[in-house]
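Visitor: Residue numbers (my numbering), protein chains in the order written: chain A, 1 to 457; chain B, 1 to 470.
It should be emphasised that the hints constitute simulated quantities derived from the structure, not laboratory data.
Here the structure is a predicted model, which is why all the values come from computation and not from measurement.
There could be a bad hint or two in this list.
Unchecked claim - Computed spacing ranges between beta-carbons, pair by pair:
hint	chain 1	residue 1	chain 2	residue 2	range
1	B	D138	A	G73	29 to 37 Å
2	B	E146	A	S457	35 to 43 Å
3	A	N140	B	V199	37 to 45 Å
4	B	N46	A	R272	53 to 61 Å
5	B	S153	A	T359	48 to 56 Å
6	A	F208	B	P128	33 to 41 Å
All C-beta atoms in this analysis are idealised placements derived from N, C-alpha and C, irrespective of residue type, glycine included.
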Amino acid sequence: MAWVPEFGTSGIRGCVPEELSPKIAWQLGLSVAINFNHQPFLLCHDNRTSSPLLSNAIASGLMAGGSNVLYGGEVITPAVSFYTRQQKLSGAILITGSHIPAHMSGIEVLGNDGAPVDRKFEQKIERLSQSNPAPVNWMNTGKISTISDVGQYWVDQVLTQGDVDLIRQRKFKVVLDAANGTAIPWLVEVIKQLNCTIIGVNMEPSPFYPGRSPNLRVKLLSQAAKMVKETKADIGIAVDGDADRAFFIDDKGRALMGDISGTLLAQIELQRHKGGTIVTPINSSNLVDDIITEHNGRVVRSRVGPPAIVAAVKKHQALFAFEESGKAIYPHLNYLSDSGLATIHLLEHLAKHETSLSTIIDGFPQYHQLKRAIDCPNELKEVVTNHAIREVKEHFTDAKVITLDGVKIIFDDGWLLLRPSGTEPVFRCFAEAQKKIRAQQLLKLGLDWIDHVLKAS
Amino acid sequence: MPSKSPPQSLFGSSGIRGRVHELITGPFAIRVGLAAAQFLRKNTKNPAIMVGHDHRTTGPMITSALMSGLLQGGIPVRMTGMAPTPTIAYAAGKEGMSASIIVTASHNPPEYNGFKFHNPDGAGFSIPQQHELEQLLDTAEAVSWEEFTESSSYDAIPLHIDALLDNCEVNTSHQVVIDAALGVGGLVTPQVLQQLNAVTKILNTPPNGKNYARNCGPSKIQSAAAAEWQHFVRLDDLSKIVQTTKAEVGLAHDGDADRLLAVDNKGRVLAGDTLLALMADFYLSVRGGKVIATTVSSSSVVDHVAKKHGATVERTQVGDVFVSNLVKEHNAVMGAEPSGPFIFPEVHLCPDGPLAACKVLEFLDWAKRPLSSLVDDLPATHLLRASVKCSDDKKRPVMNTIVTVLDTWTDIEDVNRLDGVRVSFADSSWVLIRPSGTEPLIRITVEALSVQRAKKLLKDAKTALGPVIK
Numbered sequence: 001m002a003w004v005p006e007f008g009t010s011g012i013r014g015c016v017p018e019e020l021s022p023k024i025a026w027q028l029g030l031s032v033a034i035n036f037n038h039q040p041f042l043l044c045h046d047n048r049t050s051s052p053l054l055s056n057a058i059a060s061g062l063m064a065g066g067s068n069v070l071y072g073g074e075v076i077t078p079a080v081s082f083y084t085r086q087q088k089l090s091g092a093i094l095i096t097g098s099h100i101p102a103h104m105s106g107i108e109v110l111g112n113d114g115a116p117v118d119r120k121f122e123q124k125i126e127r128l129s130q131s132n133p134a135p136v137n138w139m140n141t142g143k144i145s146t147i148s149d150v151g152q153y154w155v156d157q158v159l160t161q162g163d164v165d166l167i168r169q170r171k172f173k174v175v176l177d178a179a180n181g182t183a184i185p186w187l188v189e190v191i192k193q194l195n196c197t198i199i200g201v202n203m204e205p206s207p208f209y210p211g212r213s214p215n216l217r218v219k220l221l222s223q224a225a226k227m228v229k230e231t232k233a234d235i236g237i238a239v240d241g242d243a244d245r246a247f248f249i250d251d252k253g254r255a256l257m258g259d260i261s262g263t264l265l266a267q268i269e270l271q272r273h274k275g276g277t278i279v280t281p282i283n284s285s286n287l288v289d290d291i292i293t294e295h296n297g298r299v300v301r302s303r304v305g306p307p308a309i310v311a312a313v314k315k316h317q318a319l320f321a322f323e324e325s326g327k328a329i330y331p332h333l334n335y336l337s338d339s340g341l342a343t344i345h346l347l348e349h350l351a352k353h354e355t356s357l358s359t360i361i362d363g364f365p366q367y368h369q370l371k372r373a374i375d376c377p378n379e380l381k382e383v384v385t386n387h388a389i390r391e392v393k394e395h396f397t398d399a400k401v402i403t404l405d406g407v408k409i410i411f412d413d414g415w416l417l418l419r420p421s422g423t424e425p426v427f428r429c430f431a432e433a434q435k436k437i438r439a440q441q442l443l444k445l446g447l448d449w450i451d452h453v454l455k456a457s
Numbered sequence: 001m002p003s004k005s006p007p008q009s010l011f012g013s014s015g016i017r018g019r020v021h022e023l024i025t026g027p028f029a030i031r032v033g034l035a036a037a038q039f040l041r042k043n044t045k046n047p048a049i050m051v052g053h054d055h056r057t058t059g060p061m062i063t064s065a066l067m068s069g070l071l072q073g074g075i076p077v078r079m080t081g082m083a084p085t086p087t088i089a090y091a092a093g094k095e096g097m098s099a100s101i102i103v104t105a106s107h108n109p110p111e112y113n114g115f116k117f118h119n120p121d122g123a124g125f126s127i128p129q130q131h132e133l134e135q136l137l138d139t140a141e142a143v144s145w146e147e148f149t150e151s152s153s154y155d156a157i158p159l160h161i162d163a164l165l166d167n168c169e170v171n172t173s174h175q176v177v178i179d180a181a182l183g184v185g186g187l188v189t190p191q192v193l194q195q196l197n198a199v200t201k202i203l204n205t206p207p208n209g210k211n212y213a214r215n216c217g218p219s220k221i222q223s224a225a226a227a228e229w230q231h232f233v234r235l236d237d238l239s240k241i242v243q244t245t246k247a248e249v250g251l252a253h254d255g256d257a258d259r260l261l262a263v264d265n266k267g268r269v270l271a272g273d274t275l276l277a278l279m280a281d282f283y284l285s286v287r288g289g290k291v292i293a294t295t296v297s298s299s300s301v302v303d304h305v306a307k308k309h310g311a312t313v314e315r316t317q318v319g320d321v322f323v324s325n326l327v328k329e330h331n332a333v334m335g336a337e338p339s340g341p342f343i344f345p346e347v348h349l350c351p352d353g354p355l356a357a358c359k360v361l362e363f364l365d366w367a368k369r370p371l372s373s374l375v376d377d378l379p380a381t382h383l384l385r386a387s388v389k390c391s392d393d394k395k396r397p398v399m400n401t402i403v404t405v406l407d408t409w410t411d412i413e414d415v416n417r418l419d420g421v422r423v424s425f426a427d428s429s430w431v432l433i434r435p436s437g438t439e440p441l442i443r444i445t446v447e448a449l450s451v452q453r454a455k456k457l458l459k460d461a462k463t464a465l466g467p468v469i470k
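Pulled out of the complex, with its shape left as it was, chain A reads as follows (with noise of 0.2 Å):
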């Protein structure tokens, strides 16, 4: 059991109190107060039930760092780090287990800039706690107050990104799975001022997540969709526990995957600024690379993970982000992927071309793109990763290896991506082709590879 705080790929994650105990949180508080030189720190959270007694100990240990916590309660993720940049904060904790198991949680610490803070900084938090720093003599600790518009003011800056007369003129009828998520009183509330018809789906709060797992998948999502066939919906939109994320369901029932929906958010980025750069992490479909270069845009692949994203956004100053997990990133307003933003410029996006999702989707490219996990101690990842790299580069000689994050495989007709997840004991293997038959042999070798070097290291 860590004792001190330890950063995965997306913030310190792990299972109350076990993992992520109230004195690592307060550890936490404190060595972020004293880096961040006591200055004020917005705090929100989800709606888990270890997010009240998380926040309070991390409150705690802001105020010993000398910072002045801004309480801003359970809110919708995005909400968090929109607000923390528009209104100018030094920055902000955010304790949202997002899609994982309802029993964890984890913590992200935001910049100024509302962007996840990056791994240099991460480390110096890390040794920081490591040394039990002192807190600030009795007489500057930090005070709390609380501040209760953060989710209204998200509201009402999402509903100023796109064309909401248009929008409203054409009376979607919108299925929403909200995962009985954080993000409810607030998405429920962007898509009304849409003039939508709302259809719920896992609309009541709860931090069990009776409903559905808060995670995002196509085969999570059956209830929407069927839901969407059933009404005749325009659009299923499904978020992720905090709403951070988003997956779609177009008017045909079918639930897309992250990549397709986030080639087609990229498109319409690309439409709206006449070209630009996109990233998206090495393990998103192909589909990407056809359709963004049709419109003007080039794509930049970055490592997987929120910090090795943002890192490239900022970069290469590109105008999206996506992940095939559902995230979307508008870096102008958003460091962190705003399901509310990829909602309105999807409605406007139908509504301004008077055409509908499935239309879209159907004149996409295909690919078939599959994913499995094999569990792998989390203390083997590194070895088995290097071995890997280092047996895939003497054995495939004729096709393009890339080894930015785990290691890819390129072929003339699809490619495999070999990596160790960052946030679970687990080995991810991706294969993607055009032909579903390629694909399956794909994911085969893959799967074989892995069991392979993990039995030799």
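Given chain A, put chain B in place with the hints provided.
Guide: Just chain B now, kept in the frame of chain A:
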């Protein structure tokens, strides 16, 4: 009789107290919350708790950590924010909570903080309760994740103010000066007294956790009596302003307003025993009753008063927890200590400074005479207090030795070892030597009919203690 807490106990006579970042840290507060949660889960049905803090700069930091522990332990929390100790304790009882925890170090210097634990009837946690809680500090466990709880905020102050107004009847407008010690009493007492038609002038408000109220840190304390009160005792300004404004009374709180001291219309700072005796007289007159509850350290003046009414005085150990329990045990009409805590059981068993302030006005209404003349009517005795430094670990051996030394004195009538050692003499004078429950001090109290006798007793006690401590 409950056994006294061992010297290594974290609990003093009213809760846990210490310097912030030494004993009182965030992680420690988390443990306290977790332990309190397990304590309540074990001892109460549908447990819930009220939590708040005084005006100290470290109050919100410690309170948040405490709440984290409580929520991890599955106890729903109502958070009052900054409020007086009696306000929080009162609201807890009224709202059906199982207990309250107040983050306060009472009258200690501002770099201190701590925890006071109260039952729903307002009484502080008893010694057995403190023991049980202390043992849980190292063993308490979190509930499973499905049972983690949430907190909600709650404004306790209006509820307390209403209760004070409901329980007091004042028919004339009194001129009062209030000294709120830069503490949380300033959030309640001025408001209530104004609603009771008092014309008030308020000193040392609003609450400020950074400064020593009345410019009197421990290092600046000069008078012997001041050591007892810390920054609660320097009432020079209050005294002056009572005189210049020709007020009828000056009323002073300590930092968390569970205590009250008074200045009479001539500007004299009244000894705690004097106010105690006057209020006892008032309560026995208007409410009847047979018993006044107080401690071994209080003056015999209250005994004279009680005798007049055919009532008795019951004495217990120093500490409001003991007085509250004594009030309950003997169905006393009032409980008080000379250090300023007043317990009026018809409202609750928590020492309540704002309530005591209201009661003083009620008393003036009833007495229809200037406070100074009422004071002058009391039998004159001379009570002196002093303290000598003594580290916590030395307290027990010093006390054991000093008993044998005192035994050699002459004309002894009685030796009482209920709390420290209280030796009474044939001329009705007495000396009490007892270790402080909250500070590294041994306190000496003496009382005699003549000032010479009192001074001599005090000097003798100091002389006896000196070599023993060394």
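Visitor: Identify every previously stated hint that the structure contradicts and give their numbers, smallest first.
Guide: none
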